[in-house]
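Asker: Chain residues, written in single-letter form:
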Amino acid sequence: MTKNDGNFEMPEIDRMVHEPARLAILTVLSSCEEADFLFLERATRLSRGNLSVQLTRLEEVGVIEIDKRIEHKRTLTTARLTDQGRRTLNAYWESMVAWRTAAESRLAGSAGPKRARRAPRGYMPVES
Amino acid sequence: MQVATLSDASSRGQELRYLTAHFRDLQGLRMAPFWVALLVLTYLAQTGSFSRGHLSWAAVVVIAAQFGWLRLGGLWYERRYGVVKEPDPGVPSRLISIMHPEAPSNPLARRYGYLSDVNAGLCLLWAFTFVPDLFLGHRAQPGMFALLVATYQIFARCICPVTDSWSIRLRRILAATALIAMVGIYLEYRFAQTNLLTWMAGLFSLLLLLDLYDHWLFNHLLRGDFTEQSHD
Chain A
0 MTKNDGNFEM
10 PEIDRMVHEP
20 ARLAILTVLS
30 SCEEADFLFL
40 ERATRLSRGN
50 LSVQLTRLEE
60 VGVIEIDKRI
70 EHKRTLTTAR
80 LTDQGRRTLN
90 AYWESMVAWR
100 TAAESRLAGS
110 AGPKRARRAP
120 RGYMPVES
Chain B
0 MQVATLSDAS
10 SRGQELRYLT
20 AHFRDLQGLR
30 MAPFWVALLV
40 LTYLAQTGSF
50 SRGHLSWAAV
60 VVIAAQFGWL
70 RLGGLWYERR
80 YGVVKEPDPG
90 VPSRLISIMH
100 PEAPSNPLAR
110 RYGYLSDVNA
120 GLCLLWAFTF
130 VPDLFLGHRA
140 QPGMFALLVA
150 TYQIFARCIC
160 PVTDSWSIRL
170 RRILAATALI
180 AMVGIYLEYR
190 FAQTNLLTWM
200 AGLFSLLLLL
210 DLYDHWLFNH
220 LLRGDFTEQS
230 HD
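So the sequences go chain by chain: A and B. Sequential numbering from 0 applies to the first sequence in numbering that gives the first Met the number 0. Sequential numbering from 0 applies to the second sequence in numbering that gives the first Met the number 0.
Since the hints were made in silico from the structure, they are not lab data. Incorrect hints may appear among the rest.
[What the hints assert, rightly or not] Non-contacting residues of chain A with respect to chain B, defined by C-beta distances greater than 12 Å in every case (computed):
id, residue
1, E11
2, A23
3, S29
4, E32
5, E59
6, T81
7, A90
[Said to hold, decoys possible] Facing chain B, from chain A, some residues (calculated, C-beta under 8 Å):
id, residue
8, C31
9, E33
10, L75
C-beta: ideal position from N, C-alpha, C; glycine also.
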């Protein structure tokens with residue numbers, strides 16, 4: 000699961016997570032039990048259609064669970080991260096840390112590391 | 000370029016996580032009207048246009064109304080911003096412990112729940128005990144009320160984890176400043192014999208400022224654009 004561009008051995012990036020809209024959705028869901036459609040719409044600033052499509056796609060791969068119920072005479076659609084989703088997001092961030100470390104080394108003009116040595120400032124693993 | 004992009008994404012992600020984990024505590028408009036009403040009562044007490052007994056009863060009514068507004072304000076936020084279920088508390092003693100740090104492996108998801116229904120209810124019950132007396136003056140215990148407010152409203156803001164975001168850091172700085180100012184005001188009241196009503200006005204103003212900032216921060220964190228370059 001690594002990519003070799005001549006100087007570095009880099010992990011593959013999970014493109015299901017890497018897409019900005021889906022990454023935003025997963026980031027929001029990673030720090031709460033569940034969030035409803037309206038909050039996700041406001042937090043990610045996606046259009047309703049786009050959000051709906053992305054949620055469906057994430058549900059299809061088992062990263063999130065979607066629940067629809069009636070509350071106060073209105074339909075409440077909520078989404079939550081599954082255990083698999085948390086693992087996937089963690090793995091994604093670990094791969095991004097590796098990419099970042101390599102990019103920083105490259106910019107500094109030194110030889111790139113084979114793998115990530117430390118997490119950058121601000122990196123927070125998702126609760127598993 | 001790559002580093003900058005990753006850094007931006009990470010920073011915005013942290014802001015979103017902070018907002019989600021503190022969804023309820025950032026709903027400043029749930030408590031702000033309460034502090035405004037008490038500020039008005041304090042002003043009226045200072046002008047002397049109403050008797051202290053009447054103002055004391057008015058404070059009781061304001062506190063009772065605040066119980067209702069806590070619920071209605073929460074519903075307003077839900078209708079306007081959506082519903083977020085925060086992580087369940089890790090400790091069962093929810094009624095006893097006002098602080099229940101959660102999600103230990105993710106510090107940004109740790110929260111202290113000072114505006115959860117139970118804790119806000121307890122805060123108002125305490126307010127029933129002290130605030131009407133503050134307007135009556137003779138049996139006032141401002142020290143106890145300061146302790147109550149510091150415990151339920153300010154201290155949690157000072158110790159909850161922050162991110163690199165300046166607006167989130169400013170929340171902690173404001174809370175820490177308010178805590179210091181509150182202690183200072185109280186000491187001045189205690190030893191320099193400041194007017195009790197002046198002390199109360201200062202206290203309520205600080206709390207109002209903190210809650211208004213929380214509401215602003217809530218909106219500010221929602222305004223950031225994570226998905227500007229969204230495709231697919």
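Asker: Against this structure, judge whether each hint is valid.
Answerer: Against the structure, the hints:
1. E11: 16 Å, holds
2. A23: The assertion about A/A23 is violated, with a minimum of 4 Å to chain B.
3. S29: 7 Å, violated
4. E32: Per Cβ check, A/E32 is inside 12 Å of chain B; nearest 4 Å; violated.
5. E59: 14 Å, holds
6. T81: 15 Å, holds
7. A90: Holds: least Cβ distance 15 Å, greater than 12 Å.
8. C31: 5 Å, holds
9. E33: 5 Å, holds
10. L75: 7 Å, holds
Going down the numbered hints, you'll see the structure goes against 2, 3 and 4, while the others check out.
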